[in-house]
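Q: Chain E is already provided as a structure; the job is to place chain V on it using the hints.
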Amino acid sequence: MTPTEGQVAGSFRDPSGFLFWREGRLYRQVNEAYRIHYDRLVSSGLAAELQADGLLVGHEECAPGLAQAPGAYKVLRPELVPFISYPYEWSFSQLKDAARLTLAVQKRALARGMSLKDASAYNVQFVHGRPLLIDTLSFEACPEGRPWVAYRQFCQHFLAPLALMARRDVRLGRLGQLHLDGVPLDLAAELLPGRTRFAFSLLTHIHLHARSQKRYQDRPVAARQRPLSRFALLALIDSLEGAVRKLDWRPRGTEWADYYGQTNYSGEALDLKERMVADMLRELRPRNVWDVGANTGRFSRVASRAGIPTVALDIDPAAVEKNYRQCRRDSERFLLPLVGDVTNPSPGIGWENGERLSLLQRGPADALLALALVHHLAIGNNLPLGKVAESLARACRSLVIEFVPKADSQVRRLLATREDIFPDYHAQGFEAAFQDHFAIERRESIAGTDRILYAMHSRRS
Amino acid sequence: MKILRHALRMCGLVLAVSLLFPRRVYGYIDPGTGSYIFQIVIAAFVAVSFAVKVYWNKIKKFVAGLFSKKNDAH
Numbered sequence: 001m002t003p004t005e006g007q008v009a010g011s012f013r014d015p016s017g018f019l020f021w022r023e024g025r026l027y028r029q030v031n032e033a034y035r036i037h038y039d040r041l042v043s044s045g046l047a048a049e050l051q052a053d054g055l056l057v058g059h060e061e062c063a064p065g066l067a068q069a070p071g072a073y074k075v076l077r078p079e080l081v082p083f084i085s086y087p088y089e090w091s092f093s094q095l096k097d098a099a100r101l102t103l104a105v106q107k108r109a110l111a112r113g114m115s116l117k118d119a120s121a122y123n124v125q126f127v128h129g130r131p132l133l134i135d136t137l138s139f140e141a142c143p144e145g146r147p148w149v150a151y152r153q154f155c156q157h158f159l160a161p162l163a164l165m166a167r168r169d170v171r172l173g174r175l176g177q178l179h180l181d182g183v184p185l186d187l188a189a190e191l192l193p194g195r196t197r198f199a200f201s202l203l204t205h206i207h208l209h210a211r212s213q214k215r216y217q218d219r220p221v222a223a224r225q226r227p228l229s230r231f232a233l234l235a236l237i238d239s240l241e242g243a244v245r246k247l248d249w250r251p252r253g254t255e256w257a258d259y260y261g262q263t264n265y266s267g268e269a270l271d272l273k274e275r276m277v278a279d280m281l282r283e284l285r286p287r288n289v290w291d292v293g294a295n296t297g298r299f300s301r302v303a304s305r306a307g308i309p310t311v312a313l314d315i316d317p318a319a320v321e322k323n324y325r326q327c328r329r330d331s332e333r334f335l336l337p338l339v340g341d342v343t344n345p346s347p348g349i350g351w352e353n354g355e356r357l358s359l360l361q362r363g364p365a366d367a368l369l370a371l372a373l374v375h376h377l378a379i380g381n382n383l384p385l386g387k388v389a390e391s392l393a394r395a396c397r398s399l400v401i402e403f404v405p406k407a408d409s410q411v412r413r414l415l416a417t418r419e420d421i422f423p424d425y426h427a428q429g430f431e432a433a434f435q436d437h438f439a440i441e442r443r444e445s446i447a448g449t450d451r452i453l454y455a456m457h458s459r460r461s
Numbered sequence: 001m002k003i004l005r006h007a008l009r010m011c012g013l014v015l016a017v018s019l020l021f022p023r024r025v026y027g028y029i030d031p032g033t034g035s036y037i038f039q040i041v042i043a044a045f046v047a048v049s050f051a052v053k054v055y056w057n058k059i060k061k062f063v064a065g066l067f068s069k070k071n072d073a074h
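Those sequence lines, one after another, are chains E and V. All the letters of the first sequence, read from the start, carry residue numbers 1 to 461 under the numbering used here. All the letters of the second sequence, read from the start, carry residue numbers 1 to 74 under the numbering used here.
A hint or two may mislead.
Straight line, CA to CA, 30 Å or less: simulated DSS-like cross-link-like pairs of lysine-lysine [stated by the list, open to error]:
#	chain 1	residue 1	chain 2	residue 2
1	E	214	E	246
2	E	107	E	214
3	E	214	E	387
4	E	387	E	406
5	V	58	E	214
6	V	61	E	107
7	E	246	V	60
8	E	214	V	60
9	E	246	V	61
10	E	107	V	58
11	V	61	E	214
12	E	246	V	53
These are calculated hints, taken from the structure and not from any lab test.
In isolation and in its complexed conformation, chain E is listed as follows (with noise of 0.2 Å):
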């Protein structure tokens, strides 16, 4: 990412503070506004707590002359994250680890007298393979007594997208990208089977929470104390956390997720072709690497396995449910498997397009995996090659990338039901068209195969 100076651009909602990028470091100016906040987080050892166990993103407080911006209290230095990703990107298992870390904070914060002021699944990143609260601006002193002001946030952002997953079809993870606050508890209620009345925590939480949103919608009411015991607060964070635990989807075959077992790749020239693009990265030598149909992650973990930051991107939330879960099995701190279909990327959305950024924003990757994918552009999706090669290099610097051949089976599939209107698909037609955006580097053939593999580099670059 190459970050523009200035205030974060997604950065804003909160009167707190706010990101700033200044000569390329990543900052945080805390206002005045936050003091007694900033201060009983640091004084009750909350932040220490949170950040010693990996939950909470680290920081290190800097010369209040480094503000942004009048009536600044402290500038923090924030750890860095790798890479941004945003939740309608995430498989069924990752959106549910960050719900869980989000309960887990909560309850540590009433235990020390403060609360979580939101619950955006936004403030959550994967970092080293593990769900991080990112914002240090979240909490707040808690009086008891305080309801919990981001009870709705919190079903919005994390169990009713889950729920919608679990109970009704997993793409509906999806819908977050048009509901920047949530999924609206309704359209929830509305969209998940009449079943989940039954279940306890989903008739509460969203079916019945849902009513008493619509009934309060337009009533003014008086405002009068009504306090909520910390007890009772405790048990309302323990309701939510039994239901997003008995939520759990696991995939079945579908589209891809058993892709390896049906390639016409002999076991030999799947190992084959894991060595030559560990050897094309060795000799790239990226500083991170994006895999575009990355599947299941194996070649990913041809990169992430060698320390290279890893983002494993695939249509299917099958396989990267599967690719999530052998990261989490395995403690993997380089990989990070993301639900994207490279030909319709995740678009800029939120105030300005500016908020949540574009995949092609969160670029350009140090090098790009794209194996056993160009057949699906040029044929599967009727994508002109040489508009495929464009949009590589403004992806990427480097390229790995596999040329599939019409011979091969994979392709043949792909044209056994329609017409063959792509005369220029074949290695010279390619290679002519990735030369005008890319200067190839390597050229080999992967044996006991038609398909051909190239190491290049960007033009643009």
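A: Leaving out everything else, chain V in the frame of chain E:
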């Protein structure tokens, strides 16, 4: 039995919702009136089962403690 318990819980909830009023809150996000009122109701409601859970765990711990002490003695 399960349905009966479910129906009782629902009646309790509806009754509780109808008895409550909100209060003014401060914060940069809107907690939402309906969500705020509902939270107070549902929290009071789940607190009962939470209390049972907490005490049940304490009893289990106590009993487990008794047995482990016995084992130590042997």
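Q: Each hint: holds or not?
A: Here's how the hints hold up against the structure:
Taking the CA atoms of residue 214 of chain E and residue 246 of chain E, the gap is near 26 Å; set against the 30 Å cutoff, the hint holds. For a cut-off of 30 Å, the pair hint linking residue 107 of chain E to residue 214 of chain E stands: about 29 Å separates their Cα positions. Of the supplied pair hints, the one linking residue 214 of chain E and residue 387 of chain E is violated, its CA atoms being roughly 48 Å apart against a limit of 30 Å. Our distance criterion of 30 Å between C-alpha atoms is met by residue 387 of chain E and residue 406 of chain E, whose separation comes to about 19 Å.
Restraint check for residue 58 of chain V and residue 214 of chain E: the C-alpha separation of about 40 Å exceeds 30 Å, so the hint is violated. For the given pair, residue 61 of chain V sits about 22 Å from residue 107 of chain E by alpha-carbon distance, which is consistent with the 30 Å threshold. Restraint check: the Cα-Cα separation between residue 246 of chain E and residue 60 of chain V comes to about 23 Å, which is no more than 30 Å; the hinted pair holds. Distance check on the hinted pair: residue 214 of chain E and residue 60 of chain V sit about 42 Å apart at the alpha-carbon level, beyond 30 Å; violated.
For the hint linking residue 246 of chain E to residue 61 of chain V, the alpha-carbon distance of about 25 Å falls within 30 Å, and the restraint holds. Proximity of residue 107 of chain E to residue 58 of chain V is assessed by CA-CA distance (about 19 Å); at most 30 Å being required, the pair is judged to hold. A distance of roughly 44 Å separates the Cα atoms of residue 61 of chain V and residue 214 of chain E; the hinted pair therefore is violated under the 30 Å criterion. For the hint pairing residue 246 of chain E with residue 53 of chain V, the CA-to-CA distance comes to about 17 Å; that is within 30 Å, so the pair holds.
Going down the numbered hints, you'll see the structure goes against 3, 5, 8, 11, while the others check out.
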